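Asker: Let chain D serve as the given structure and place chain E on it in line with the hints.
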Amino acid sequence: MIEVSHLTKRYGDHLALDDISFTVEDGEIVGFLGPNGAGKSTTMNIITGYLSSTDGTVKVGGVDVLEDPIGAKKKIGYLPEIPPLYVDMTVQEYLGLCCDLKSVPAANKPDTIDQVCKLTRITDVKKRLIRNLSKGYRQRVGLAQALVGNPEVLILDEPTVGLDPKQIIEVRDLIKDLSRQHTILLSSHILQEVQAVCDKLVIINHGRIVAIDTPENLSRNILQVSKLEVRIKGPKNDILRGIQLIEGVLSAEIVRIREEGTVDIRVETDDDSDVRGEIFYFCSRNDYPIYMMRTDEINLEDIFLQVTGEREARRR
Amino acid sequence: MKAVFLKELKSYFKGLTGYIFIGLMFLVISFYYIVYTMYYQYADYYYVLDACVGLIMFIFPVLTMRIFSEEMRNKTDQLLLTSPVKTSGIVLGKFLACECIFLIVILLTLIQPLVTIVQFKGTLNSAFTFGGYLAFFLLGTSFIAIGMFISSLTENQLVAAVITIVVFMLLNLTNGLYNIFPSSRYFSLGLLIAGLALLVFLIYRAISDVIISGIVGVVMLLALLATFFIIPTAFDGLVVKIMKEFSVFERFGDIFTGVFELNHVVFFLSVIVFFLFLTYQEVEKKRWS
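Protein chains in written order, with the working numbering: chain D, 1 to 316; chain E, 1001 to 1289.
Just chain D, with the same shape it has in the complex (with noise of 0.2 Å):
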């Protein structure tokens, strides 16, 4: 549905995007990810026609856009970073404009308006100034905005932004929910949030592609067990010293202590040992029940580290 191939964007000097391809399939959910400054927002930019590209060509639903910008366009719906709300307008004025804006006939506009508040639950605040309504409110605008038209792309920038963490699993469910009548390319920089929602990753940092896969596979590669937290009831000390013995462990030292006669430990090992077994049996001999054990969360530094560590570990 949408095929970006060779993409680069040049910023006079800066090179902002550097030789991008890949694929969105009908109906996939695609998550883009990558730290801020990475080129996110500019990928989807161009994608979207808002920007053009220094070289490369993107087309959606076999359209070109710099040939066909308009046939492009219609196929789109898009939520920019900063949702390009007019706050003098109420929210179904709003719409209203989109609705002309993508040519809706003038007879299907208030069910337009209707369907596409309903399915982001702004129907109470409909007759409100969108300058009156809270940043998560305007969030959910932006995105009703999107889907008016009923576009076969979605495209979404940072989509949970802004939002409180019960607004964050509602637009979650919302994507999904999506997912069967649109193709959709979300962006984020935060690995757990598309991790749940989408078919594939697109790892994107300095303007270069990282990686494309899907989530399983990538969190697989980085499964880290070379930095853990535990909590064990017993003497700390004694505790400390037992796991400072067990080979394989580099480090290990009391972080806090949460729990009346427990303790928190952080075990770091090298890359190579699993010591999770050898912990247990330490403590399972000498009567210390252990209360947690868990890996550090898997972060995107990590995923970064792990996956261009690994190219350069193969091209040695």
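Treat the hints as calculated values from the structure; they're not laboratory data. Among these hints, one or two may not hold up.
Dumping the calculated DSS-like pairs for lysine-lysine here, alpha-carbon to alpha-carbon at most 27 Å [unchecked claim]:
1. E:Lys1010 with D:Lys127
2. D:Lys74 with E:Lys1002
3. D:Lys74 with E:Lys1075
4. D:Lys109 with D:Lys176
5. E:Lys1285 with D:Lys59
If you're wondering where the values come from, they're calculated on a predicted model, not measured in any experiment.
Answerer: Below, chain E alone, put in the same frame as chain D:
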């Protein structure tokens, strides 16, 4: 285009902008109407329109400063430019909405000559009055086109307004200014070369290519020098001539005083189309930079 036009038109009356513009315009015109027609009892209504131009050029920026600046600041241009609407449609829609507000002002002021004729049983030279309105309309429309272009250059409404006022004042000044310029051919040549340098710089800004803009500059400079040595007389008083050609207000005055020539009308229309085109280019250019 229709969607953008209607949205713009409504937006003028959502805030105070539309009311302020119409109110101020009507206030200034009415003031001169009372002074000229009622107090001094001039029989020619176009005096009123002529006299108020010096003041209303400060009012036009109220209307034009926000056209693109506000959209860029609020990032709402992203909605327009990613919708299936042509850029030319956006520019024209916005321009026509502005034009509509201006027409409302003109319609409102029509009451004044009508009152003069009907209520006070006065007489008005209808040809002069019509000519005055035509000139007023063309000048105002040019102001809108120029102001809109300036608004597309900056995100800051205040900056747009100040630049617009400065440009209008310079245009107004050229009217009396050109007589003090020397008519020597060397002065003309120097000024043309300076103009050429500016043009080359603008070309370089637009395409960011040193070689091409350099070649264009050198070729044009050679052409200019060649002309200067072959027919030097063409350069006598050239600056004055050019400035006269481009003096918006001079032509405006001509139409008023009954010198109705088609080339004046064509001149104003060209100014309008030229600035609409520039605005279109500026909006498009943003995508490429």
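Asker: Lys109 (chain D) and Lys176 (chain D) were given as a pair; does the straight-line alpha-carbon distance stay at or below 27 Å?
Answerer: Holds, at roughly 25 Å.
Asker: Starting from Lys1285 (chain E), check that the Cα of Lys59 (chain D) is at most 27 Å away, please.
Answerer: Roughly 22 Å between the alpha carbons, so the hint for Lys1285 (chain E) and Lys59 (chain D) holds.
Asker: Compare the distance between the alpha carbons of Lys74 (chain D) and Lys1002 (chain E) with 27 Å, and conclude whether the hinted pair is satisfied.
Answerer: holds, 17 Å
Asker: For the pair supplied as a hint, Lys1010 (chain E) and Lys127 (chain D), is the alpha-carbon distance within the 27 Å limit?
Answerer: holds, 17 Å
Asker: Run the distance test for Lys74 (chain D) versus Lys1075 (chain E): straight-line Cα separation, threshold 27 Å.
Answerer: holds, 20 Å
The structure shown violates none of the earlier numbered hints.
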